[in-house]
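Asker: Residue numbers (the numbering used here), protein chains in the order written: chain E, 1 to 325; chain L, 1 to 339.
Simulated from the structure, these hints should not be mistaken for laboratory data.
Glycine included, each C-beta is placed from N, C-alpha and C at the ideal position.
Among these hints, one or two may not hold up.
[Claimed, not checked] Where chain E lies over chain L, by a calculated footprint (3+ residues, C-beta under 8 Å):
#1 237-243
#2 254-263
#3 324-336
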Amino acid sequence: MAVLEVENLKTYYYLGKESVKAVDGVSFKIEAKETLGLAGESGCGKTTTAYSIMRLLPENGRIVQGTIRLGDEEITALSEEEIRYLRWRKASIIFQYAMNAFNPVLRIGAQIVEVIREKEGVSKEEARATVSDLFDEVGLEPKRQRDYPHEFSGGMLQRAIIAQSLACDPMLVIADEPVTALDVIVQNKILDLLRKLQEKYELAVLFITHDLSVVAENCHNVGIMYAGNLVEVGSAKAVFKHNLHPYTSKLIGAFPSVIGEKKRLQFIPGTPPNLLNPPAGCRFHPRCPYAQDICKEKEPMYREIKQGHYAKCHFAGELSFEVIE
Amino acid sequence: MHILNESGAVSARTSVGTRRYIAQRFVQTIIVWFMIITLNFIIFRVMPGDPRQALLGEGIPPELRQAIVERFGLDKSLIEQYFIYLVNLFQGDMGYSFSHFGEPVWKTIFDFRFANTFILMGASMAAAIIIGIVVGVIAAARRDTLIDTGSTVTFLVAYAMPVFWIGLLMLMFFGFQLGIIPLAGTITRGYVHVNFLDYWRDYLWHMTGPWIVLTLSFIGGFYLIMRDSVLDVFTQDYILAARAKGLKERTILFGHAMRNAMLPMVSVVAVNLPYLISGAMITEFVFSWSGLGLLTYHSVLSVDYPVLQGIFLFLASITVFANFLADVLYLYLDPRIRY
Ligand SMILES: Nc1ncnc2c1ncn2[C@@H]1O[C@H](COP(=O)(O)OP(=O)(O)OP(=O)(O)O)[C@@H](O)[C@H]1O
Ligand code: SF4
Ligand SMILES: [Mg+2]
Chain E
1 MAVLEVENLK
11 TYYYLGKESV
21 KAVDGVSFKI
31 EAKETLGLAG
41 ESGCGKTTTA
51 YSIMRLLPEN
61 GRIVQGTIRL
71 GDEEITALSE
81 EEIRYLRWRK
91 ASIIFQYAMN
101 AFNPVLRIGA
111 QIVEVIREKE
121 GVSKEEARAT
131 VSDLFDEVGL
141 EPKRQRDYPH
151 EFSGGMLQRA
161 IIAQSLACDP
171 MLVIADEPVT
181 ALDVIVQNKI
191 LDLLRKLQEK
201 YELAVLFITH
211 DLSVVAENCH
221 NVGIMYAGNL
231 VEVGSAKAVF
241 KHNLHPYTSK
251 LIGAFPSVIG
261 EKKRLQFIPG
271 TPPNLLNPPA
281 GCRFHPRCPY
291 AQDICKEKEP
301 MYREIKQGHY
311 AKCHFAGELS
321 FEVIE
Chain L
1 MHILNESGAV
11 SARTSVGTRR
21 YIAQRFVQTI
31 IVWFMIITLN
41 FIIFRVMPGD
51 PRQALLGEGI
61 PPELRQAIVE
71 RFGLDKSLIE
81 QYFIYLVNLF
91 QGDMGYSFSH
101 FGEPVWKTIF
111 DFRFANTFIL
121 MGASMAAAII
131 IGIVVGVIAA
141 ARRDTLIDTG
151 STVTFLVAYA
161 MPVFWIGLLM
171 LMFFGFQLGI
181 IPLAGTITRG
191 YVHVNFLDYW
201 RDYLWHMTGP
211 WIVLTLSFIG
221 GFYLIMRDSV
231 LDVFTQDYIL
241 AARAKGLKER
251 TILFGHAMRN
261 AMLPMVSVVA
271 VNLPYLISGA
281 MITEFVFSWS
291 GLGLLTYHSV
301 LSVDYPVLQG
311 IFLFLASITV
321 FANFLADVLY
331 LYLDPRIRY
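Bound-form chain E, shown alone:
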């Protein structure tokens, strides 16, 4: 059974009478021991997907349709108190801006102890011992528990955040751009650590990033999002080598895999659509070189083209892109 199963999820933000269709019909699943990388341009709905799973949407955000199964619970309909109970027990999240995820006036250890005690009902000493083990695991000196967040460097904070995310033995860890704010060397160390811990604890990981090279190295499966839609999902190999969606192909083309300057997404002409009023039909059609008349009118189905390889394009499997290696 999948750890996380998202079915036709639609999450909108309401601005007066208008709605921002930030996530509009997204489906995917993640098994234990598996990492799904979710990639796409800024503003395509990655964080909104993550917040929907944690049920952490801001006041004006609402899940309007779809189901989210976390283990054996369907969570979209749970009450606030029920979901509060599940948070950190079943799923934890590493935020996009990890530096700010700890309260600056409380000791780091105390903030992890706090969640362990809340969830497991253990004594302070037991919780502290757990934190020591976790710190050890992520490569921090256990005595640094007593430090305040500002006394940690960026990389150390990220390690502490990872330790915290594992504190209550979750099935799923959502990592929202966990390394974006770090320099490359530290990035690699943190990514290695995440991979190691994932294997050890058999975690399901939803790894969000807009850096495809990070996805390629760290994820078993890949999902590509565009303007609130999941346009392609498949194994990393399938998506990178035999991609089915024109957007995926363009996105990969914008990331030369050889060492060199990263020219992020500069090769895709046009800009992502305004999600208040997305284009009819296929949302990518204004920018798609393969667009036909049908693309402007009819929204493509999200369908399985090959075993385990899905795409949302009328012509998926029929187009051939130059394969980039």
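We have chain E already, so just place chain L with the ligands on it with the hints.
Answerer: Same frame as chain E, but now just chain L with the ligands:
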């Protein structure tokens, strides 16, 4: 400024920089205090009216007048008088009251009046701060609900009403009509208290009126700052993180949001101390609470310059040192601040 070393560590809690900062602030404080002492001297020399007149009254024989003038050095130059003032001050001598049978100013202020003011103000501030903080946090968490709007309106009205007006209403209604609070004083006149406890019961009963009035007038400011501050804290990422961790709302509010939101409060209390004290003075006057406020009032009426000088000096000193303490306290409340 601290520098992150290899492991990112700064053990700055008791760092040299911090100690130097405290020392610097202390020196500043002393300088400001000295300026206040000087100003306090000048103000009372340039005030209209000859204190000798007030002291001696009419029809005093010239020889006696001369003797007194010499005894107090009133014939000396201002500079000389200033140094005498300084020397005396540092010996704890603030002169003699004109009106309280010539008792030392020190005694007039500190014998019991300061204690009365201190207890009344302390109790009112404690109540106002606690209520202001707790209700402020709850109102922020329940923003735009009845609780929020209701408490904001209530406290704003209490805040905006003049203290003497609430005081008088209180006296008229609860004191005069219902007779459940005493009309004046700190204890029942002529009543012989059977023991210490009985004395306190009587004292606290007399304090009810001024305490409620003062608390009401203080809450508004604390409440509004707290509510605002908490709303600001709510937009911080660590609050979202605390929610993601599935902590109880109570823990998030009082364990995280309140702590951070309280930081601005420390300096607000220190900076507003003179304003708070003036509220207390008016309240004392309304309820004839024998503290520094009532003393100020009577001293102004009887042109008792030495006592006024003493009171002003004392209040200004408290304010200056409270600000110094607030700065030091900040260092310990907010671990990010290091010098
Ligand atoms: N509270 C909100 N109210 C209205 N619109 C919002 C709100 N939060 C996000 N949005 C919009 O929803 C869309 C999706 O945002 P989201 O944060 O999920 O994107 P993202 O893929 O995580 O982007 P990034 O890579 O920049 O983090 C964006 O267009 C954003 O402007
Ligand atoms: S459906 Fe049409 S517009 Fe959309 S990606 Fe496929 S070819 Fe392009
Ligand atoms: Mg994001």
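Asker: Each hint needs a verdict: does it hold in this structure or not?
Answerer: Okay, the hints, checked on the actual structure:
Residues of the stretch 237-243 of chain L with a Cβ under 8 Å from some Cβ of chain E number 6, which satisfies the need for three, so the listed coverage holds. Chain E is given as covering the stretch 254-263 of chain L, and this holds because 5 residues of the stretch bring a CB closer than 8 Å to a CB of that chain, at least three being needed. Chain E is given as covering the stretch 324-336 of chain L, and this holds because 4 residues of the stretch bring a CB closer than 8 Å to a CB of that chain, at least three being needed.
Hint check: no violations occur; every hint is consistent with the structure.
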